[in-house]
Amino acid sequence: MNLLLMLLPSLPLVLGTAALAGRLGRNSAGGGVIGTCVVALLVVLLEPSDLHLSWLLLGTTLALDEVSRVLLFCAALLWPAATLAAGGLFEGRDGRRFGMCWLFTLSGNLGMLLSQDLASFYLCFAVMTFSAYGLVVHKANHEAWYAGRIYLILAIGGESLLLAGIFLLAAEAGNPTVADIPQVFAALDRPALAGGLLLTGFAVKMGVIPLHVWLPLAHPAAPVPASAVLSGLLVKGGLIGWLRFLPSDTEPLQLAADILLLLGFAGAFLAALAGCLQQRPKTVLAYSTISQMGLLTVPVALLLGGRLDPVTAMPVIALFAGHHVLAKGALFLAVDHWPGARWRRLVTVLLALTIAGLPISGGLLAKAALKSTLIEPLPLLVTLSSITTSLLLLRALQRLRETASDQPPPDTLATWSWVILAIAAVSLPWALADGDVRSYAMAASGLIDASWPIALAGLIVLLGARHLRFTIAEGDILAPIERLVRRMLESVNRLRDQLGLERAQAALEQGHRRAADGKDRLLGLLERDLPEQLVTLLLIGLLLLLGILLIAGG
Amino acid sequence: MSLAYQAMPLWVLLSSLLAAAVIFALGEGRPRLRIGINLAAALIKLVLVGIMLLGVRAGHEFIVRLPLMPGIDLVLQADALSMLFISLSALLWLATTIYAIAYLEDSPNRARFFGFFSLCVAATMGIATAGNLFTFFIFYEMLTLATWPLVIHRGTQQAMRAGRGYLCYTLGGGAVLLLGIVLLHGLAGPQDFVAGGTLVERGESHPLVLTLIFALLITGMGVKAALAPLHGWLPTAMVAPAPVSALLHAVAVVKAGAFGIVRVVYDVYGIELTQALGMAEVLAIAASVTIIYGSLRAIWQTDLKRRLAYSTVSQVSYIALGVALANPLASIGGLVHLVHQGLMKITLFFCAGCYAETHGIHSIDELDGIGRRMPWTTAMFTLGALGMIGLPPLAGFISKWYLGLGAVAAGQLWVIGVLLASTVLNAIYFLPILHRAWFRPPKQADDSLAEAPVGLLGPTLFAGFAALAVGLFAGSGWSPLAWVELLVQREYSP
Amino acid sequence: MTEALPVLLVFVPFLAGLGQFVLGRAVPWSQQFVSGFNLLLVLLLLRAVAGGEPVIADLGGWGEPLAIHLQADGLATLMLLLTAVLAVAISLYAIPAFGGHARSAWQFWTLWPLLLGSLNALFLSRDLFNIYVTLELVTLAAIPLVLLAGPRKTVDAALRYLLFALLGSLIYLAGVALLYAQAGTLDLALLPAATPTGSLAGPLAAALIITGILIKGAILPFHIWLPAAHGGAPAAVSAILSALVVKAAIYLLLRLWTGALEPLVSIAAGQLLGLLGASAVLFGSWQAFRQSRLKLVVAYSTVAQLGYMLLFFPMAVTAAWQGAVYHGLAHGVAKAALFLAAGNLLYYLGQDRLEALRGIDRPLAVSLLAFGLAGVSIMGLPPSGGFTAKWLLLTASLQTGQWWWTAALVAGGLLAAGYIFRVLRLAFLQSAEPAERRDGPVPGRLMAWTATALALLAIGLGLISAPLLDLLGDIPGGGS
Amino acid sequence: MSGIDPFALAAAGLMAFGLYGFCVCRHPLRRLLAINLVGNGVFLALILIARRLPDGPDPVPHAMVLTGIVIAVSATAFGLALIRRQARPEDDGND
Amino acid sequence: MMLLDGVLALLLLLLAGRCVTAASLLQAIVAFIVLGLLLALSWVRLQAPDLALAEAAIGAGLLGVLLLGTWRHLPASGIHHEFPWPWHGMKQAVSALGGLALAVMLALALHETAPEPAAAGETALAQLDAAGVKQPVTAVLLNFRAYDTLLEMGVLLMALIGALIVRRPLQDGSRIAPATLLSPSLARLFLPPILLIGLYLVWAGAYSPGGAFQGGAVLAGAGVMLALTGLLRGASVDGLWLRGLLALGAIVFTTAGVLLVPVTGHFMAYPDGLVTPLMVLIEFSLAISIALSLLLLFTGTPGLARSRP
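Residue numbers (my numbering), protein chains in the order written: chain X, 132 to 685; chain H, 69 to 562; chain B, 3 to 482; chain P, 64 to 158; chain L, 5 to 313.
If you are wondering where the hints come from, they were derived from the structure by calculation, not from laboratory data. Every residue gets a Cβ at the ideal spot worked out from N, C-alpha and C, and that includes glycine. Check the hints yourself; a few may be wrong.
[As the list claims (entries may be wrong)] Capping the alpha-carbon separation at 20 Å, the derived lysine to aspartate or glutamate pairs in EDC-like fashion look like this:
no., chain 1, residue 1, chain 2, residue 2
1, L, LYS95, X, GLU663
2, X, LYS270, H, ASP436
3, L, LYS138, P, ASP68
[Unchecked claim] Covered stretches of chain L, going by a simulated chain P footprint (3 or more residues, C-beta under 8 Å):
no., segment
4, 7-16
5, 27-37
6, 56-70
7, 128-140
8, 153-164
9, 205-211
10, 293-305
[Unchecked claim] Ranges between beta-carbon positions, derived for each pair:
no., chain 1, residue 1, chain 2, residue 2, range
11, B, THR4, L, GLY277, 49 to 59 Å
12, X, LEU177, H, GLY346, 57 to 67 Å
13, H, ILE367, X, PRO539, 37 to 47 Å
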């Protein structure tokens, strides 16, 4: 029964390998994903008990917890929708590769949701990260490669930090499972260091500023379905990591938690503002993800800092995250739907506003839930963030309209799956949220709270959008950093030239070659032995010397 | 236990030694018979090793002792550490043999090649089963000699230059090693390898001499283990045919050096004495420097095999590092890397050979879009490369995991930095290759599927999946990791 | 009965040589019997000596101090064994190499048993003056053998060899005369007791004797006659000369230094000899490395290798003793194999310029294998006799604290690797253009496999040293 | 003995002259002569040594001299043959 | 007498110096031959008449003829003029100093008195009766140290083989050497007495100065004389008999040494009764071999033939 858990990561892995072998067509790849997701839904429903596999890796534990259960459910909806939308990507010359990366990403993603021990989590996390690289660069143009490079650099940087943190953790307890984490941290010599490393490592994936720069590059570069998955599910890897492998309420992590809180809010606002200055709709959506993740960081930071107790925090986080998975995933997929019929655009607008917290929508519930857990004055900040979020999404819609191409809309199956996704995005929070939140959301004050920021934002857009000429580059702070790095590299190269290292080496090699060539000529000159006349002289000398030595010695 | 059973290490040694003799005697004439003998010998060895593995697990003693000089014996024994190395060699020998048969099809001088190839493995077996430093040295030098004809097999000027470099380094190293051994012998008399070392009492009376000897021994071994700055021969030696490089980098030469370092630290000096002499730190620093340096150099290489060679320089030092950290966890990491690095590096070299043999690709620039034409090969290369970077669930991760844990446990946090830097650098030089292979469009118009022949691909797949499996199933009782854990337990328990 | 063995060892080859001479034509198979019988005799002797007591034959029965004694102790027996084994191999090799009915074949098959007998006589001799005679005997058998390669080519080498050899033996004889004046006896066993110390004549005699032997043994700087002679001779002869003849001189030096001259020798003189040996090792190896002719490479290698044996004198401990003697054995076997293998290459190529060796690995694989295996021993790499010897010498140098010899030992080994691999790499080198080459007849199996057998034996000596070293025992005088 | 025996001086002188000649002469025949001078010096020395026995000269050194002379002469004859051959390597016909 | 000794020694030294330093090669050779004769004379003075005989016959006589013969065969260019005086160069000067130092050391060493009597010599004289010959030197050579003598025969034989290898092919019918002062008839006249002297010397070796070597040398001298006058010539073919005779000395010596082991219990020992005849037999066979070897060394040919008139 609980072997189903095992099936989840391994089934796509097998399929991916088959895809590599060229044995998997478009339909079977999609079928595989859907099949896997059916299993995932089964798992969500059946709630199998934990699975321990000591022989696998360093001892693997697979299980569902509160957050991952929600996320698994969302993933089981998003992945099929994205797969169906991907359609043609599985075909053609690069289809095989795409299929492989896609399935491997799925495998890593699901595995990450399930694995409860450090090593296998890290494994799945890495599989997901590196397979997703294939998705990011799939278009194989310079933009994609650039985005891919930045993605990799940050991913590897993050993974390295994680690894360091993991070493510190695992040195204490081997391969700790989630349950061991509090004790492990309690026993650590340098809990702040280990915690900080893990925190930062996962933060890369979460797009916490200033580690967010890969997101605005990767999303527009990747194909639309890939962006959906990336934005919807991959970034949640960081969240899961934080929740599982960092202890709540630990004294040494206070400072880190505070910083995280700060960065969370900073992300929520700054990313939104930066996003408003972007041109491409997918870039804007990417900034929206950064902003939303910033908000999601807030409860986590509070949890870590001990200001929130897990029992209340976890459902809220699950709710918010799950909603974001569905809504953002659907919104990304909507990019392809925009050029189609009017109802498609309507759904898109609805989705955008859901995220902004439109009354009655799931988004409002998510935000309300979030606010309900916060202490003053944080709820106010959340409310304020609604303004920026709304602005951002309106900007996205605006850019969608302005840049819309005349591609044909996706086929029926893809469309229906998208619609289901959208519906789920709107409705899921209702199923999950508890009664207080629901009633708050339905109450008048709640409605007002939700409405005025959107209205304000609409007003701003109406008034100001035309005057907005100022844009910033995708990846905002990346450009100056890159310039700096490039200049440093150049100066290093100059230094190499000045020191003449290359030239010296070349000269050395040339010298070797010349010596090898000229050796025979040299030999002719040196072949001679001692001259005989000298030898005879030495004879007398040696005789005398030996005689003297012997006489003296005797 | 019958005598014949006890003499198992000897049979293992002879299985390839005799094969070499027969192959030499056969000459060029009868390729089929030669291939048959080659495979049969490899299989027999595998079976023998399997039997021995069971035996060692069951606690049987395998030891052969032949008097060589007055007071000095040739000792062949199979303890847990040697079994680690033997199993790796036996397994990879089979794979490499199959690969080499396919690789060298219809090329000249095959009898010579396979003869020395078998000899090379015999020497490796000898190194693995050596029961004292003297025996170790015998096979260590034999390995040098058996490998040289393989390095220069192509007979080109470049190969000759590589061969010369190889000889200069390894023979020089051998001389230094010999000095160390003689000195040690003079100081302490003949001594077998014993877990925990045998020199503890002498450590107090002759610390200086022992330090000097240690330096000599490690320098001598370090040449083969390619510890910087003694690594110079390795990158040039990559002109050898791919199976040779594979063998050189994964099983035989480099590993022999690393294995020697392990032996010296564990079974001659013992961890405690090594630490007491302060040499553990020195070794750790040397290994760390090599790790970083090798990786840095690899970044700027444009030839695929050259880059892999520098990668080896870097990776093999993990073993030394693990040993030098003098801590059970790090030791596990170092020792298990002996196997893991072998599997991963052999995969990579097999792939490089597949590229070269199927499409004539040697330079990294030419790899664009190769994933489309040779998906399996490229997939295996990917496995190997990601493993080298240290990503789970591949073999390299397990090693790095334990090394990292060991570093923390030993309180040497700077080692973590080294490991991370190495990870990053590995990523810097491996990922662009993967990127090119998978995501760049091919330069030629023709991008139809053109995989390597089965004879090449089979061993590559085997090695690649093995590199995956040892990582994935590291927790199982039969993984190298489990074996190493057992081993380290013995070393550290008094 | 064992008393007869030393005498038979001298007389049987001698009579065979004389018979061959009288017969007037080549009968190669008879020599096979002789060398086989010789080996049998040595093995019997080996068994007799293994007990620890030397086998002594009193010629004429006049007893000490007058009569000449033949004595086979461990050292002598080992050298006899080396000679006997090499004799079997070289005799076999010479069948195809000297076959036919040419006059030179008759001369070879006459001189070779005489040389064998002379060598046996030298190793067995226990009398200073008799040693002089046997030294001359060996020299005068060896030089005509060199000439068998064709007088026109070798006459210079032979003349130089003869002049140095003659001078060397006369200087030796001068030493013998002075020593006899002091001690009144020529018997090696009686000399140490009879030699008065503190006089001028004794040490001077020792100096003369040692110098004479050094000239005969081609120790630097008196090696200059050797390369041309050994390089120019026919392969089988080169093997005999390098492996045995010069070795005989060093053997004498070892024997006299630890026996008859023991009261006279001094530490400083030992250091001087060691210095000569070390210089020979370095200089000879370096020269070998620079040669452009294959057989000269091997010949200079002999110059170098003989130097190792001299390292006994400064150190003079058991390990050094064993190392030096064992080096003699190992070098003998390996050098014979090298020369025979080189001879095979020469036979095929018609010349021995190194460049001509390019890419000959296929037709001459077996000979090259022999060359390589023997090279292993020459380089002192394990497992081989050369390694065992080097190990012992290294041990000795570290034991005595005379670490400077260590440097020579190590450097010599590396240089040896240099010249051996220089040859081998050429064989492996694929020439870009089809080299102009005289593809002579591929050497027959007998020629190829005798070389290989010797090479394998050189390797094998690394594995069976224990009984041989046991036989050799400690330094006769107990060490100084 | 009261003074230095003149023959002892002569023997030493012969040997020294021989060695000197071997050193400085280039022609092989001269060097062969020089070697024979050394030989003569040695023989003279041996005969001097033989005189030291009270009852009649010591026959052992005498026998050594006799043997030595024959060996020296035969080796010298061989050397002369070599010198002849070396001096005219080109003509193989007319002796 | 001391004066004569001194003069002789001085002459020896002068001749040695002349031999080394003479500008012309011929002068050097002549000086060497004269030195050999004077040496023989000195040895008579030093109570070694048999050695003097040998030196005169072999060392001066035969060797002189050989040297002169070789000199005649050298190319007639002036290359063998050398000026090896000590002041001719640095090398010469250093060699001279070294030689002088050596000479001083040697002289001092020879001057040293022997602290102990020569045990071997005394034993030899004491056991002379058992040796079968009256002459001590012969006893040592043929009995006490017969082994040396046997090996020495080997040296002679191998020197001969060596000389034969280097020789150039001989054209049949050519004379060994051009005519000399000796006319064939004179040679024929001298031959019988010389042969007789030689044989006597061999025979006398058992009792008085003389012996196989001296006798053999005289016999060889007779042969040389015949060869010089053209009565005997070298031949490029050798017969079984000639080779047999060349090896005769060594073979008889060895056979006697081996065959009598059962009787004496030692190699190269002779039973009391047979010792004298055996000595004579051995001496004669040795003499024949020596004479033939020396003669062939002179002719430089493997065989001998009588010239047709």
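Hint check:
1. L:LYS95 <-> X:GLU663: holds, 12 Å
2. X:LYS270 <-> H:ASP436: holds, 15 Å
3. L:LYS138 <-> P:ASP68: The hint is violated at about 30 Å.
4. 7-16: Per the Cβ count (6), the hint holds.
5. 27-37: holds (count 4)
6. 56-70: holds (count 7)
7. 128-140: Contact hint for the segment 128-140 of chain L vs chain P: holds, 3 residues under 8 Å.
8. 153-164: Holds, because 6 residues of the segment 153-164 of chain L bring their Cβ atoms closer than 8 Å to Cβ atoms of chain P.
9. 205-211: violated (count 0)
10. 293-305: holds (count 6)
11. B:THR4 <-> L:GLY277: 49 to 59 Å: violated, 29 Å
12. X:LEU177 <-> H:GLY346: 57 to 67 Å: Holds, at about 59 Å.
13. H:ILE367 <-> X:PRO539: 37 to 47 Å: holds, 46 Å
Taken one by one, the earlier hints fail for this structure at numbers 3, 9 and 11, listed in ascending order.
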